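These are the residues of each chain, in order.
Number of protein chains: 2
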Amino acid sequence: MANPSRQAVNFAAPRGFATAFKADCKETFFPDDPFHEMKHEKPLNKLKKTIQYFIPLFEWLPNYNLRLFRYDLLAGITITSLAIPQGISYAKLANIPPIYGLYSSFIPPFVYAIFGSSKHLAVGTVAACSLLLSETVGAKASPQDDPTLYLYLIFTATFFTGIFQTALGFLRLGILVDFLAHSTITGFMGGTAIIICLQQLKGMFGLIHFTTHTDVVSVLGAVFRHRNEWRWESAVVGIIFLAFLQFTRYLLSLPIAKDVDMYFQRQKRPKLFWVSAIAPMVVVVVGCLFAFFAHAEKHGIQIVGELKKGLNPPSIQYLNFDPQYLPVTVRAGLITGLIAMAEGIAIGRSFAIMKMNFNAGCRTAMSNVVMGFCMMLTLLFLAPLFRYTPLVALSAIIMSAMLGLINYDEMIHLFKVDKFDFVICMAAFLGVSFISMDVGLMLSVGLALLRALLYVARPAACKLGKIPNSSLYRDTEQYPGSAPIQGVLVLQLGSPIYFANSTYIRERVLRYIKEEQGVSDSKTDIIEHLLLDLSGVSSIDMTGIETFLELRRILDSKGIKLSIVNPRIEVLEKMTLAKFTDAIGKESFYLSIEDAVQNCRFSLHSSKTTMEESLNDQNVV
Amino acid sequence: MANPSRQAVNFAAPRGFATAFKADCKETFFPDDPFHEMKHEKPLNKLKKTIQYFIPLFEWLPNYNLRLFRYDLLAGITITSLAIPQGISYAKLANIPPIYGLYSSFIPPFVYAIFGSSKHLAVGTVAACSLLLSETVGAKASPQDDPTLYLYLIFTATFFTGIFQTALGFLRLGILVDFLAHSTITGFMGGTAIIICLQQLKGMFGLIHFTTHTDVVSVLGAVFRHRNEWRWESAVVGIIFLAFLQFTRYLLSLPIAKDVDMYFQRQKRPKLFWVSAIAPMVVVVVGCLFAFFAHAEKHGIQIVGELKKGLNPPSIQYLNFDPQYLPVTVRAGLITGLIAMAEGIAIGRSFAIMKMNFNAGCRTAMSNVVMGFCMMLTLLFLAPLFRYTPLVALSAIIMSAMLGLINYDEMIHLFKVDKFDFVICMAAFLGVSFISMDVGLMLSVGLALLRALLYVARPAACKLGKIPNSSLYRDTEQYPGSAPIQGVLVLQLGSPIYFANSTYIRERVLRYIKEEQGVSDSKTDIIEHLLLDLSGVSSIDMTGIETFLELRRILDSKGIKLSIVNPRIEVLEKMTLAKFTDAIGKESFYLSIEDAVQNCRFSLHSSKTTMEESLNDQNVV
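Quick note, the sequences are listed as chains A and B, same order. Going by the UniProt record's numbering, the letters in the first sequence line up with residues 1 to 621, in that order. Going by the UniProt record's numbering, the letters in the second sequence line up with residues 1 to 621, in that order.
Bound conformation, chain A alone (with noise of 0.2 angstroms):
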């Protein structure tokens, strides 16, 4: 009866387990196969090589040259001029002294250059972390009543922080980062940077009482509560700032291109980076000598204060692990670690941003080093002269960089596309905004994870028709000129099967058969074969190979016969343990939709002739 032409499907032996598992885990935590270029290597090579892996400082220093530190050191000086105003500034949302800004810009760039992989990145301060930081810790302990405790529990919470993320890196977990969806991720910059905005609203209008909240509601709330506290020089002198920050990133970015590109082609004049760069610290300046010739202080406008001359102090002594506050520092530092994570990956997906530092003309790593040396400079000879920044300065740069992460053209796009990836941009926007930073965060991936479970407990199948004068089948949906085969039924099913949608797949093939004989009325229309293409299907686990046992046993009731196209080695090994292939014979496994079929039409046909014949030998009798 088979049809001898045909090509034959591979019931290769399954693999072992420990073969299977250990490829698994392999894709799963190094999908990047970072040591694949090594394999091939000699052992003295294949060790530096991994050493280079891990400190890519010995990968480009030993190529580096004065050609090359001539472009690293503009950028660098760029970098610290953008450093000194962001730190003191994003040191004032956390409610922390604002040489602790200073002090953050001037050890992290050189921990990057030695260990850092990217040489466009730049190190810095994160706004959100730092109002994070300020929201979570402030909960236990006021910055105003009790400044020690609460800088020391800053200090611990930044601490877990960086234990976590290096913990993470370790146990190659950047597998969680997967999970935030770029519309997420988008949403979640945009609320930050609405409370963020709003946050500097105290220093823009000179208020001295404000609210420890974060959200909308909240902030505007005590804005307008403390009308009487309002001081029009400061808002004035704030607004000019904020106009004159505004221009020079309308300059860099005109024109903006409207098409798909958009993302890759904002930056349409790289050459005025330095321009939008240096902005910041114009301002600073331009800020401190106002304050000191025009005693902006006595008017209104508040200064910075003091800033001691110095490095950094060592600070490990002040880590407090005090049981009493344990369950902040860590859940503080836990949150910030993974919203750090989440921003930095919002920068490396936007090309923009990530490019700061390649705008900035930089070729290695070493511009973090030259801006290591710069920040260290600043800290042992010029902190003190930023004493008489106003606060209202600070406010302007932050509200300036805040605006510019509202990514408007993205959301508008994300509505016309897909309007679930719109609703998962929104919930972390507006949860941000109005409640919280973490609620609405997890909000957006808890809809963003359900949206990945829906997918999976319900995969898209198909009924597949004959493209005319082609050996194709296709989605008869899709290709309305598609053509049914008569007594053969091809259905095309997607994604995984197992537990969550195994089911609904039994219950979407059998509704199919419903369906198609339905449509038919005559007894001769009626459905023989049922072949079910597993081509997409990349993997099946228990549930889903019972699913086709109990399928193939109502299908006998039916008597309609159950074949098998093309399943995927994965599939295939599992249903040859599990005996499924045994149970309906290696013979109905077909390698290809038009052998399949070729061979039911046969079946058809000899069935048919058959009972003519015996049509026939009646006549005969």
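Hints listed in this document are in silico derivations from the structure and should not be mistaken for laboratory results. Hints are supplied without guarantee of correctness; some may be wrong.
Identical copies look the same in the list; a pair holds intra-copy or inter-copy alike.
[Stated by the list, open to error] Okay, derived cross-link-like pairs now, BS3-like style, lysine-lysine, Cα gap no bigger than 27 angstroms in a straight line: (1) 298 / 49; (2) 463 / 586; (3) 49 / 558; (4) 419 / 586; (5) 22 / 514; (6) 26 / 463; (7) 514 / 48; (8) 416 / 579; (9) 309 / 419; (10) 561 / 579; (11) 416 / 586; (12) 49 / 514; (13) 26 / 514; (14) 561 / 514; (15) 579 / 419; (16) 46 / 308; (17) 463 / 558; (18) 46 / 419; (19) 463 / 22; (20) 308 / 416; (21) 416 / 48.
The model shown is predicted, which means the values in this text are computed figures rather than measured ones.
Since the structure of chain A is already known, use the hints to place chain B on it.
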């Protein structure tokens, strides 16, 4: 340049949001499409069929006759004889007066006869739920110190269970059930069977003091701590009863078919079903007679004690909504509802038990009505007779029922076929046995979901080669005979592409290219075309599309041309909306790999010819 004979990809206009959304909702919540058959009916017929769908009673009652009733009568009586001892036993398990077990078996069969959709299922008490209720509610109110409060809280919890299950039904949230893997259910049933068996050691040994914990360690500890209370008379009677019950089960299940179809063939002798169904009643009757005539109470064999005559008194006025107890009753109600559902599926899935009622000879849900009437008669007249039932007989009945729920064969099968499924099963089994029922269930469900998410995060991808003498392209790993195409890399992606796996897919594709170019040192074998076969990709989100855009940019920089083969309708719609289709050009979309390869070869060939020609030109010059 383009091959004129190629079949075209169908770039129809994307469906509107409303259409796609409606279709998605329908597939998610109504996968069985219950109203499909009614679509073409007249309005009156439609109404009739809708009523019949919700109240199946109207479907079978009009055709009911006396011949069918003969079978149902026998079936109903058989089930009653099983329900009475089970009801009393499980009430003891829940620490409530035994009469409530009988009450619980009286009303529900009538309700099920009206609304139930399966004619093979019998309604009864569930051991796991009884234990769970006593464990959860017992933590807040002691059944010994304040039995009335405890009883009322149990009422309230079961009330919430009902509300919860009704809500699940109305909201079509049966999808929740899809997330319980078969392995989870096997492990959970086994684990609860173990702990319920151990609970029976109290009755078996005639202990007076015991523990309220359910885990193996606590229970065995309690049994051995109270060695002084052990009564050998009780143990001997218990073991005799248990041996009898197990023997009747053994009769029924012999021989067990040891093949793949064992789930469907376990009961080789359905005619003997009534022996094992009636056995518990025999034990109760013999036990009562023995206790009555031998004055068993005086020999340390405890008896059930007073059972009031009469039907269920209304209990709605005893529902306790005191805020103090509300959290515990709501929680107990929710978990019980979920677990009852899980057990329902487990029973539905394991045919042996599902067919219980069917084996007993029933033909329609009328058997439930018979059972209800039998229970009524029992309550009205016979209940007091059961007061002499020895507790040890109840323990033997429960133990025997539970021992049948531990599915060793299935666990061994899981171990052989799928190690991860085995781990999921063991998590439930050991979690329930050694920690608690809810922790065990959550552990197992968590692991199963983790696996689902890993499937999603690390989808299978493979390199395709051409199978000689055909136009088929298959996994080169699975079919070592398939040959790669010079200059063209064909990759097949499976499962939905979205945020959780887009980074991985990008890395994986780039790694394939790196590997390919690493293999061939000669410059002639360089990849010029990358074909992505998306037949198995059932959906995509924004992050996924952006990954494709980025991939294309990277490929461009390497001089590799990206083409897409056979995108499915949902994927093509999103690609068109996101302008990806325009970005890479409609001519880069192919309907089949063969088409795409032919076209690539054409362009490869022509570029080579051009090169040769230009070389010739140079020679001429």
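Honestly, which of those hints from before does the structure not fit? Of the numbered hints, 1, 9, 16, 18, 20, 21 do not hold.
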